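Asker: Residue numbers (my numbering), protein chains in the order written: chain L, 11 to 321; chain Z, 11 to 328.
These are computed hints drawn from the structure, not numbers from a lab.
Incorrect hints may appear among the rest.
[What the hints assert, rightly or not] Derived coverage of chain Z by chain L (criterion: at least 3 residues anywhere in the stretch with Cβ under 8 angstroms from a Cβ of chain L; other residues may be distant):
1) 47 to 57
2) 105 to 118
3) 259 to 271
4) 277 to 286
[Claimed, not checked] Selected chain L positions facing chain Z (Cβ under 10 angstroms, derived; list incomplete):
5) Ala-24
6) Thr-61
7) Gly-74
8) Arg-88
9) Thr-92
10) Ile-113
11) Val-117
12) Ile-180
13) Phe-236
14) Met-253
15) Leu-285
16) Leu-300
All figures in this text were calculated on a predicted structure; none of them were measured in a lab.
We put the beta carbon where it would ideally sit given N, CA and C, even for glycine.
So the chains spell out like this:
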Amino acid sequence: MTTATAKTKVKVNARPNWEEPPTPAGQAGKGLILAVVVAVVAVPLWMVVLTSLSTQGAVNEAGGMVLVPGGITFEAYRQIFTNQLVMHSLLVSLGITIVGTVISMVVTILAAYGLSRQNSWAHRPILLTLVVTMFFSGGLIPTFLVVSALGGYDAYWSLILPTAVSVFNILVVRAFFANTSQDLIDAAHIDGAGDWRTLWSIVLPTSRAVTAVVALFYAVGYWNTFFNALLFLPDNQKWPLQMVIYTYTLQGNAMPGTGQNTTGQYFGTQQIAPLAIQMAVVTLTLIPILLVYPFVQRHFAKGVLLGAIKG
Amino acid sequence: MTALQEAPAEKANASPPPQRKNRFRRDRSLLLMVIPAVVLLVVFNYVPMFGTATAFQNYSIYAGFLHSPWVGLETFRMLFSDPLFWHSLENTLVLSLVQLVFYFPIPIALAMLLHSVLNTKIRTFVQSVVYLPHFFSWVLAVTIFQQMLGGAGALNQFLRGHGLATWDIMTNPDTFKILITSQVVWKEAGWGIIVFLAALAAIDQQLYEAAAADGAGRWRRMWHITLPGIRGVIVLMLVLRLGNVLTVGFEQLLIQRDAVGREAAEVLDTYAYYYGVVNANFSLGAAASLFKGVFSLVLILAANKIAHLMGEDGLYRR
Numbered sequence: 011m012t013t014a015t016a017k018t019k020v021k022v023n024a025r026p027n028w029e030e031p032p033t034p035a036g037q038a039g040k041g042l043i044l045a046v047v048v049a050v051v052a053v054p055l056w057m058v059v060l061t062s063l064s065t066q067g068a069v070n071e072a073g074g075m076v077l078v079p080g081g082i083t084f085e086a087y088r089q090i091f092t093n094q095l096v097m098h099s100l101l102v103s104l105g106i107t108i109v110g111t112v113i114s115m116v117v118t119i120l121a122a123y124g125l126s127r128q129n130s131w132a133h134r135p136i137l138l139t140l141v142v143t144m145f146f147s148g149g150l151i152p153t154f155l156v157v158s159a160l161g162g163y164d165a166y167w168s169l170i171l172p173t174a175v176s177v178f179n180i181l182v183v184r185a186f187f188a189n190t191s192q193d194l195i196d197a198a199h200i201d202g203a204g205d206w207r208t209l210w211s212i213v214l215p216t217s218r219a220v221t222a223v224v225a226l227f228y229a230v231g232y233w234n235t236f237f238n239a240l241l242f243l244p245d246n247q248k249w250p251l252q253m254v255i256y257t258y259t260l261q262g263n264a265m266p267g268t269g270q271n272t273t274g275q276y277f278g279t280q281q282i283a284p285l286a287i288q289m290a291v292v293t294l295t296l297i298p299i300l301l302v303y304p305f306v307q308r309h310f311a312k313g314v315l316l317g318a319i320k321g
Numbered sequence: 011m012t013a014l015q016e017a018p019a020e021k022a023n024a025s026p027p028p029q030r031k032n033r034f035r036r037d038r039s040l041l042l043m044v045i046p047a048v049v050l051l052v053v054f055n056y057v058p059m060f061g062t063a064t065a066f067q068n069y070s071i072y073a074g075f076l077h078s079p080w081v082g083l084e085t086f087r088m089l090f091s092d093p094l095f096w097h098s099l100e101n102t103l104v105l106s107l108v109q110l111v112f113y114f115p116i117p118i119a120l121a122m123l124l125h126s127v128l129n130t131k132i133r134t135f136v137q138s139v140v141y142l143p144h145f146f147s148w149v150l151a152v153t154i155f156q157q158m159l160g161g162a163g164a165l166n167q168f169l170r171g172h173g174l175a176t177w178d179i180m181t182n183p184d185t186f187k188i189l190i191t192s193q194v195v196w197k198e199a200g201w202g203i204i205v206f207l208a209a210l211a212a213i214d215q216q217l218y219e220a221a222a223a224d225g226a227g228r229w230r231r232m233w234h235i236t237l238p239g240i241r242g243v244i245v246l247m248l249v250l251r252l253g254n255v256l257t258v259g260f261e262q263l264l265i266q267r268d269a270v271g272r273e274a275a276e277v278l279d280t281y282a283y284y285y286g287v288v289n290a291n292f293s294l295g296a297a298a299s300l301f302k303g304v305f306s307l308v309l310i311l312a313a314n315k316i317a318h319l320m321g322e323d324g325l326y327r328r
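Sequences and hints are given; from them, build the entire structure.
Answerer: What follows is the structure, given as structure tokens:
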């Protein structure tokens, strides 16, 4: 099993004795490349978070994004937490993410288990029906027309149901379920457990790693949902966070209730730079990802690889 | 997907197949479990698939699908005579090619580099940092790029501060394709290494030892053991990439299209969006989508065929 080898490999910490010792230049080169790679990702994030915490003075002194900590203030967060538009979009994003992830997980786990049993009736044609959608889709316009025809325009469910099932995720979970020992399942059946009971009490408890990763994938997808909101939600009172960032940070429109002007220039009288407020909203969308990430990260390889390169 | 193949061990375990009817009765609950997924896919994938028929209509939102007049290939004639359509096709293909050359090798190289680092702590740290941007939305990633490289971004503050000429990368149509590619590298290259790291870990260590005993240095070992060892995965990733040649980050381009203008930024997907949804010319948009869908399918089958000819598995086995 790939994952098993990967695990034991990580624990090998010593250089095998047949390998030539590393050259100092080689080591330095490697270290430099890795440091640059890490910096390219980490420095912009650091600047985003720091700018959101900076006073107007610090932002002005830096001329924009802040790299070196100057004056620190939570004023930007106080402003966005009292801003009706931002708070409402935060609630929308959280709601879409929670409801959507629950729906997606239920549908995915059920389908994955329903298709994972060897020799079950018609599982091959059904599987084929699902996989076809990975390679051919009707495209944007027909999907838009169908969702609109079903009343999805201006409705929150248009951000959830059209993207609720990922066939790839079903395949990942299914591959994991199919690895559950058949003896264990047979034993459960003999003891009188039906398929529902077996799924709940035998299969799910042994598949926590993969369900955690897949749940993270779904949750991140809902949290990041943007285009469907652009397509289906015309009213900014229903927008999720990503739409708010797009409109008020990326496009630089004035955010209602922050006293920020359209050109993104600073008001001399403002206590806080508009840039700090914008970056505070950006940081707000980073926080949930950063909170969940450490708990799921060690399972990534397990979740991704099983579906992707088994065999 | 290869995940479709059943493990042979399971086959040996399975009891002899019972009668068809009995199997149906036995598997009722399994079938019940599949229903929600099938319903969702039918409604939001299969119905739209048949909805592509609007490409052969002069679709009007008031008449609806059933009452709009059929016009045969007229929509496609309009599509193919629109220079902007050909321009967006060209942009799409050029972007794909640039990404193939400048993006594709990076995760492979990075994975090999990281695999050679023996210190577990450093490896884990680098991995957790570089995976992170994969979980950001494009809105977030582009916002960060704008704050770093845009006209008022960190780079230009630095240039201005040192009396140098400023350089607005975000709105320059000439360098736009490089910008798009570097955004893809920033966001996805780290995540892309996962598959290659696993493939590297699966290579038999004894091969390296034997090669070293035979006098092969580290570069020759890389060339004769490491690269052939991950060839299958590289080919698989290439097949997937080729099948997606006509798909280049829709959201990513959509949100940056206005900053550089459609000359540089219009691709097939954004073309379909602007004609279909924004200008409400649904039939033309559907025709552009259908053109893309059919060609992508042909491409992925062709790429898979090539993989088979090279003696690799590709997406599915023969």
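Asker: Compare the structure with each hint and give your call.
Answerer: Tested hints:
no., hint, verdict
1, 47 to 57, "holds (count 9)"
2, 105 to 118, "violated (count 0)"
3, 259 to 271, "holds (count 4)"
4, 277 to 286, "holds (count 4)"
5, Ala-24, "7 angstroms, holds"
6, Thr-61, "8 angstroms, holds"
7, Gly-74, "5 angstroms, holds"
8, Arg-88, "22 angstroms, violated"
9, Thr-92, "23 angstroms, violated"
10, Ile-113, "9 angstroms, holds"
11, Val-117, "5 angstroms, holds"
12, Ile-180, "7 angstroms, holds"
13, Phe-236, "5 angstroms, holds"
14, Met-253, "8 angstroms, holds"
15, Leu-285, "8 angstroms, holds"
16, Leu-300, "8 angstroms, holds"
Violation of the numbered hints given earlier is confined to hints 2, 8 and 9; the remaining hints are satisfied by the structure.
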